[in-house]
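Novice: Protein sequence lines, in the order shown, are assigned to chains B and L.
Quick note: the first sequence uses the UniProt record's numbering, first residue 1, plus one each step.
Quick note: the second sequence uses the UniProt record's numbering, first residue 1, plus one each step.
Some hints here could point you the wrong way.
Straight-line Cα separation of at most 20 Å, SDA-like style, residue types lysine to any residue; simulated pairs [said to hold, decoys possible]:
no.: 1; chain 1: L; residue 1: K225; chain 2: B; residue 2: N261
no.: 2; chain 1: L; residue 1: K225; chain 2: B; residue 2: I257
no.: 3; chain 1: L; residue 1: K225; chain 2: B; residue 2: N163
no.: 4; chain 1: B; residue 1: K85; chain 2: B; residue 2: I283
no.: 5; chain 1: L; residue 1: K225; chain 2: B; residue 2: V277
no.: 6; chain 1: L; residue 1: K225; chain 2: B; residue 2: K85
no.: 7; chain 1: L; residue 1: K225; chain 2: B; residue 2: D241
no.: 8; chain 1: L; residue 1: K62; chain 2: L; residue 2: L160
no.: 9; chain 1: L; residue 1: K225; chain 2: L; residue 2: G241
no.: 10; chain 1: L; residue 1: K177; chain 2: L; residue 2: V188
no.: 11; chain 1: L; residue 1: K177; chain 2: L; residue 2: S159
no.: 12; chain 1: B; residue 1: K85; chain 2: B; residue 2: L30
So the derived label-pair ranges between C-beta atoms look like this [to be verified]:
no.: 13; chain 1: B; residue 1: R61; chain 2: L; residue 2: F226; range: 18 to 26 Å
no.: 14; chain 1: L; residue 1: F172; chain 2: B; residue 2: F260; range: 42 to 50 Å
no.: 15; chain 1: L; residue 1: R251; chain 2: B; residue 2: T75; range: 44 to 52 Å
no.: 16; chain 1: B; residue 1: L26; chain 2: L; residue 2: R251; range: 45 to 53 Å
no.: 17; chain 1: B; residue 1: F215; chain 2: L; residue 2: R165; range: 43 to 51 Å
no.: 18; chain 1: B; residue 1: L42; chain 2: L; residue 2: L66; range: 30 to 38 Å
Keep in mind the hints are simulated off the structure, nothing from the lab.
Where is the CB? At the ideal position from N, CA and C, for every residue including glycine.
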Amino acid sequence: MMQSKPDLGRRALVLVPYGWLAVFFLMPFLLVLAISLSSVRLGMPPYEPLYAWQGSLLSIRLNLENFVFVLGENTYLLAYLTSLKVAAISTALMLAIAYPLAYGIASCSPGSRSFLIFLVIVPFWSSMLIRVYAWMSILRNDGLLNSLLLNLGIISEPLRIMNTETAIYIGIVYTYLPFMVLPIYANLSASDRTLIEAARDLGCSRIAAFWRVTFPLSLRGVAAGCALVFIPVIGEFVVPDLLGGADTQMIGRTIWIEFFNNRDWPVASAVTVLLLVILVIPIVLFQTRLSRTSK
Amino acid sequence: MPQPSWFNRLSIFAGLTFLYLPIVVLVAYSFNASRLVTVWGGFSTQWYTSAITNQSIVEGAKISFLVAAISATFATALGSLAAIVAVRIRRFRGHHIFNGMLVAPMVMPEVVMGVSMLLMFVTLGIDRGPVTITLAHATFTMCFAAVVMQSRLAELDPSLEEAARDLGCPPFLAFMKVAVPNMAPAFVSAWLLSFTLSLDDLVLSSFTTGPGASTLPMKIYSQIKFGVTPEVNAISTIILGVVVFGLVASRIVSRPSAKSSLAV
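All chains should be modelled from the sequences, with the hints used to inform the complete structure.
Specialist: Quick look at the structure:
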């Protein structure tokens, strides 16, 4: 084990990945926080420095106006709420699709299990942008779904799905589904089958055995899956941008537009900091749960 | 459960159909002679020809592959070190922060990471371009690489290294000679995972790039922003082909286990 190694080597080993993450992950967040307290100016970088030396006098200016502005503006509040709503509903939809799928795969023989799980993983590995694009040609007004339904005579005029909230749900559920299936499957396939047999021997019906034994035991996988999709979906950009319409503004897209089109970086940073505040609670819950399971 | 019930079979069938139908449609229409999605104009490879002769697309693909290869190499090295730290050393000053930083990039919305990295590069006065994209990708993919390496390290039998040390091997050498060769398949998986994640990334690249350096996803994005074009179907099919090939290859190299299922 590493414990017997000289202390210096251990420290160096810790320092390399730790240092990298501190510089490229932690420090940038502190900068976002700093710039959210700055004010906008013309030029590059487009914000005022927070501190200034006047002779031997250090003056620090913290500007809270960006936060006051963001919190007072309805469009931002609406974008936060819409993002939370979309994340919650799509997480629930994914759970409804992923659980039966994971359960079904877990009920197969070990050989077919690993092949089926491989099939679930392949789309996760292939480009997300491409998978969203695939839905664009299906959902458009003159797309595949509409022409199919029109030809079959089920509808008389094309359904408007593209650029609606429905399209966002379809896109998000589709692109994030593997993240929900995998933890649930991992949990179900590791569960002890004899418990269900015991419940059945004691007179429990199949359905009752599922709800009283299998499902409660799989909640840990369900929680991991929900966290893996709920948190990133709140800040999702690609799906709402390509499939959604102008009337569904999610916060990830708001930040994008703020940075690239409006170029008001201090306000955009304030929007980002508030998003992080929203995300901190689920992320900490997720991490403590994760470290508890790994012990 | 001895046999999958009809309900199990139906769930698997419905789930996999949902996952694959759009991809099948995408691939099918890349061979469509017609520009319209709803009209089948006969089999044609013209979109492939126009895609691979499109200078802008080829340029983007070159940048993407270069960035993905270099950032995946960094990510695998850093992720392996991080995994060794997390699995073997475990407790040190600040290990809570370390573990947090190792998990957070996997769930953090890409927009948030992109914004923060953009601001850092601007503040430090670093010119943005392929180098900054590579740094950003290495940071976010190293956490995925670390997960792959962690699960492999945790599966290793510690008694093998103990045996080497009992036979007089110093601990560091025992680790290098026993553990590292056993981790080889995981290195391949971690590298491939980092490579594909980097190749796929749009958001982080858009924030950390400078003028002139557009990756392939950025080129695709700006094309499909204005609608569906069959040329993108052709590019997508090529990318899918590369990914499937890589996956099948890595599946042959390393037998999957339940724990490392995320990494195939």
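Novice: For each hint, tell me whether it holds in the structure or not.
Specialist: These are the hints, each one checked on the structure:
Straight-line distance between C-alpha atoms of L:K225 and B:N261 comes to about 16 Å, which keeps the hinted pair within the 20 Å bound. Taking the CA atoms of L:K225 and B:I257, the gap is near 14 Å; set against the 20 Å cutoff, the hint holds. The straight-line distance between the Cα atoms of L:K225 and B:N163 is roughly 12 Å, inside the 20 Å bound, and the hint therefore holds. For the hint pairing B:K85 with B:I283, the CA-to-CA distance comes to about 18 Å; that is within 20 Å, so the pair holds.
Using a Cα cut-off of 20 Å, the hinted pair L:K225 and B:V277 is violated, with the two alpha carbons roughly 31 Å apart. Using a Cα cut-off of 20 Å, the hinted pair L:K225 and B:K85 is violated, with the two alpha carbons roughly 25 Å apart. For the suggested pair L:K225 and B:D241, the alpha carbons sit about 9 Å apart, so the restraint of at most 20 Å is met. Proposed proximity of L:K62 and L:L160 is contradicted: the alpha carbons are some 43 Å apart, above 20 Å.
Taking the CA atoms of L:K225 and L:G241, the gap is about 24 Å. The hint is violated against a cut of 20 Å. The hinted pair formed by L:K177 and L:V188 meets the criterion: a straight-line CA distance of about 18 Å does not exceed 20 Å. Using a Cα cut-off of 20 Å, the hinted pair L:K177 and L:S159 holds, with the two alpha carbons roughly 14 Å apart. Restraint check for B:K85 and B:L30: not satisfied, since their Cα atoms lie roughly 28 Å apart, outside the 20 Å limit.
Restraint check, B:R61 to L:F226: a C-beta distance of roughly 43 Å breaks the suggested window 18 to 26 Å. Separation of L:F172 from B:F260 is about 49 Å and conforms to the stated range, judged on CB atoms against 42 to 50 Å. Between L:R251 and B:T75 the CB atoms are about 47 Å apart, so this pair conforms to the stated range of 44 to 52 Å. Take B:L26 and L:R251: their Cβ atoms lie about 36 Å apart, and the range 45 to 53 Å is violated.
In this structure, B:F215 and L:R165 meet the distance hint of 43 to 51 Å, their C-beta atoms being roughly 46 Å apart. With their beta carbons about 35 Å apart, B:L42 and L:L66 fall inside the hinted range of 30 to 38 Å.
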